[in-house]
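A.B. asks: Keeping the supplied structure of chain A fixed, place chain B upon it in accordance with the hints.
Residue numbers (the working numbering), protein chains in the order written: chain A, 282 to 701; chain B, 282 to 701.
Since the hints were derived computationally from the structure, they do not count as laboratory data.
All figures in this text were calculated on a predicted structure; none of them were measured in a lab.
Treat the hints with care, since some could be wrong.
When chains are identical, the list treats them as one kind, so a pair holds in a single copy or across two.
As the list claims (entries may be wrong) - DSBU-like mimics (lysine-lysine), calculated; alpha carbons at most 35 angstroms apart, straight line: (1) K553 to K349; (2) K636 to K553; (3) K434 to K641; (4) K349 to K682; (5) K689 to K646; (6) K636 to K615; (7) K636 to K689; (8) K369 to K636; (9) K615 to K349; (10) K553 to K682; (11) K615 to K513; (12) K646 to K553; (13) K641 to K513; (14) K641 to K369; (15) K596 to K349.
Number of protein chains: 2
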Amino acid sequence: MSDVTPRFTTGAPQNLEERFAGRAAHMQPSEIRSLFAVASRPEIVSLAGGMPNLSALPMGMMADVVQKLILTNGAEALQYGSGQGHPKLREQICEVMALEGIRANPDDVLVTTGSQQALDLISRIFIDPGDVVLAEAPSYVGALGTFHQYEAKVVHVETDELGLVPDGLRAAIKSVRAAGRKIKFLYTIPNYQNPSGVLLPADRRTEILTICRTEGIFVVEDNPYGLLGFDKPSPNAMRAEDSENVIYLGSFSKTIAPGMRVGWALVPPSLKEKLIIASESSILCPSNFSQLTISSYLADQPWRDQIASFCELYKVRRDAMLESLDEYFPASAKWTKPGGGFYVWVTLPPEIDTKAMMPKAIVAKVAYVPGTAFYADGFGSWSMRLSYCYPTPERIREGVKALGGVVKTEMSRRSGNQLN
Amino acid sequence: MSDVTPRFTTGAPQNLEERFAGRAAHMQPSEIRSLFAVASRPEIVSLAGGMPNLSALPMGMMADVVQKLILTNGAEALQYGSGQGHPKLREQICEVMALEGIRANPDDVLVTTGSQQALDLISRIFIDPGDVVLAEAPSYVGALGTFHQYEAKVVHVETDELGLVPDGLRAAIKSVRAAGRKIKFLYTIPNYQNPSGVLLPADRRTEILTICRTEGIFVVEDNPYGLLGFDKPSPNAMRAEDSENVIYLGSFSKTIAPGMRVGWALVPPSLKEKLIIASESSILCPSNFSQLTISSYLADQPWRDQIASFCELYKVRRDAMLESLDEYFPASAKWTKPGGGFYVWVTLPPEIDTKAMMPKAIVAKVAYVPGTAFYADGFGSWSMRLSYCYPTPERIREGVKALGGVVKTEMSRRSGNQLN
Chain A
282 MSDVTPRFTT
292 GAPQNLEERF
302 AGRAAHMQPS
312 EIRSLFAVAS
322 RPEIVSLAGG
332 MPNLSALPMG
342 MMADVVQKLI
352 LTNGAEALQY
362 GSGQGHPKLR
372 EQICEVMALE
382 GIRANPDDVL
392 VTTGSQQALD
402 LISRIFIDPG
412 DVVLAEAPSY
422 VGALGTFHQY
432 EAKVVHVETD
442 ELGLVPDGLR
452 AAIKSVRAAG
462 RKIKFLYTIP
472 NYQNPSGVLL
482 PADRRTEILT
492 ICRTEGIFVV
502 EDNPYGLLGF
512 DKPSPNAMRA
522 EDSENVIYLG
532 SFSKTIAPGM
542 RVGWALVPPS
552 LKEKLIIASE
562 SSILCPSNFS
572 QLTISSYLAD
582 QPWRDQIASF
592 CELYKVRRDA
602 MLESLDEYFP
612 ASAKWTKPGG
622 GFYVWVTLPP
632 EIDTKAMMPK
642 AIVAKVAYVP
652 GTAFYADGFG
662 SWSMRLSYCY
672 PTPERIREGV
682 KALGGVVKTE
692 MSRRSGNQLN
Chain B
282 MSDVTPRFTT
292 GAPQNLEERF
302 AGRAAHMQPS
312 EIRSLFAVAS
322 RPEIVSLAGG
332 MPNLSALPMG
342 MMADVVQKLI
352 LTNGAEALQY
362 GSGQGHPKLR
372 EQICEVMALE
382 GIRANPDDVL
392 VTTGSQQALD
402 LISRIFIDPG
412 DVVLAEAPSY
422 VGALGTFHQY
432 EAKVVHVETD
442 ELGLVPDGLR
452 AAIKSVRAAG
462 RKIKFLYTIP
472 NYQNPSGVLL
482 PADRRTEILT
492 ICRTEGIFVV
502 EDNPYGLLGF
512 DKPSPNAMRA
522 EDSENVIYLG
532 SFSKTIAPGM
542 RVGWALVPPS
552 LKEKLIIASE
562 SSILCPSNFS
572 QLTISSYLAD
582 QPWRDQIASF
592 CELYKVRRDA
602 MLESLDEYFP
612 ASAKWTKPGG
622 GFYVWVTLPP
632 EIDTKAMMPK
642 AIVAKVAYVP
652 GTAFYADGFG
662 SWSMRLSYCY
672 PTPERIREGV
682 KALGGVVKTE
692 MSRRSGNQLN
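Just chain A, same shape as in the assembly:
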């Protein structure tokens, strides 16, 4: 009988799950994912997405920039490039960061495929399964997803209307360490935070930097919105105050265009080599085509004026959203008053479940992101993120009005239930 036994099937996997890596169990569709398919229908006012509004970007100018680039430097723009990113663009990135008080060496900049890739690479070099990442409560859904895939435990730090609370940070560090776990870094968005819209004041920045330096915890400062302040200039970046302990992430997605997928990390020299090697393993090199398009644009076009135009466009939309929240939302709801960026964070009475309410909002032709998406721990069920970046002011008013109606109905249904 042994002659007819298959020769090599010993050890062959019996099912698909057995063939995946352990981390693949953490690759599950997010709740936002299916939502966006619905929210992108034209009849829905989407207050859900974070797409920049490109209507202020002159397309004729962009077309000329790219055409000229290919004609004058096509052989380089279409070729493989440096794993770390193009040297010229890295110099220009330092000029952009100087606007927020950062003095940096282009040698310490790594260009990435959007700052999402920087989040991925930082996770890759730091996170062993079970390690702790500290993050604001609430925090950016895309960052939480990446930390989760690397099997980190995200511990949320207390925030208030001014952002991260230093004493909350101290308490979180103490309790995580008391539980015997390693903290790898604090992830924070100090400027016009996603999803809260909150701006962290200068004195808190200094205090948080001191805590993290003392405790041996890197700060990952994610700053896509820093140049999009409408009312007054933002405080200096945290990296401006600490070049040794801060990993700074920047992006052109909100100040030029996200379709380029050009972001960057400015890193302490001690981390640079590992991040470059990790990036080369991940994508070989970032796109010269995108990088040199942005480099040409920065060299030849009035990019500071363009950012000012974006700010004007978003300010009008922010105002439309805050005014219509005042007008259409119930008095028991609270929301942030962002001085820049894309988002307002709305907190409803705790009996409202914003995820369960979503289908009713869709029927009323408006979409948002339920608050639980921005927490790693299931919190946030009575909150929601509203984006004002993309729709027109008229559509924003229309959407907030519709949503206010849904919220009020839900509240009276709940209180009616309580009475019954």
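C.D. replies: Structure of chain B alone, referenced to chain A:
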């Protein structure tokens, strides 16, 4: 005394190494890395790099394609896009793959930032530390580096002048499983392999597919060079024969331009969701700007003729290299005779150490990649990869002549040493 004790330093890391993830220990600079800095000096004939030769690509045409794209569809081209990749481009990718006998559904295509990102994502969903990846001996250095970062053990499979040896594959599976290890996939480049230039015959493809299917081992078919056959059409892709067990990787880097960073994976439906989620976590979405540039090019330009132009250009260079190897290399050296792609693999007498010989080659103004770079196990020390893709035929002859002189001197020095 206890009052002056710092409050929160318990558990703080003491040094940098302690702060990294375990996998970071595998992020070490490769030997090729420092080499490329030297090889890119203008006075050196570089037979080391794998940069496509873009001199056959009409830059005026490319400039027009991009300009028109931005003017007619800039709002989409510069915006965030789908995590899976643009639907139109995924359809066109299926047309390109049809040239190699593949029938595919655009729904099963994931667009990636070069096919390197696909290698990264596949590693991410499959590889737990200690898992085994099977690969040709020798194999692509960039793939080996990625597998290594995910802490896989690469087991090389025997090859001959026709590529992977099916009995060698059977033996490798048997011995790995006898050692109690899990095999996650076979990584193979069947067409004009990097670094060997070898083309795997159709009958071996079928046999290897059968072995892997029977044994429950996915085949990762990496095919950047399949359309760059000079002498005759390549056999059908392995994926054409097996849509359930083959993960196929393609790229526009060698048929259009690498600066776009557009590659793709065509995957069995059972793997698609996890790969898309992993990609979104890694880069959010691939660049619409690059994707739609390639899509416009494919839609409006004679891309098949362009590939034929590239083939002509590379054929002349391949011929120059093979002729000058005949003329200038010692009779005891052997080399492959590629029918397409970019590379010739040279095997010298075993007493020659090609890594130790590199400085002498640089002095003689020629560079190559030492064979050990293409092995995970330190093998290959008397081999080297020569690329003919980038230099002119005259420079190739010059470089091979200089290198032949270095090799002959090294051989007589060695045999002189033996006589002493």
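A.B. asks: Can you list which hints this structure breaks, lowest number first?
C.D. replies: Result: hints 4, 9, 10, 13 break, sorted rising.
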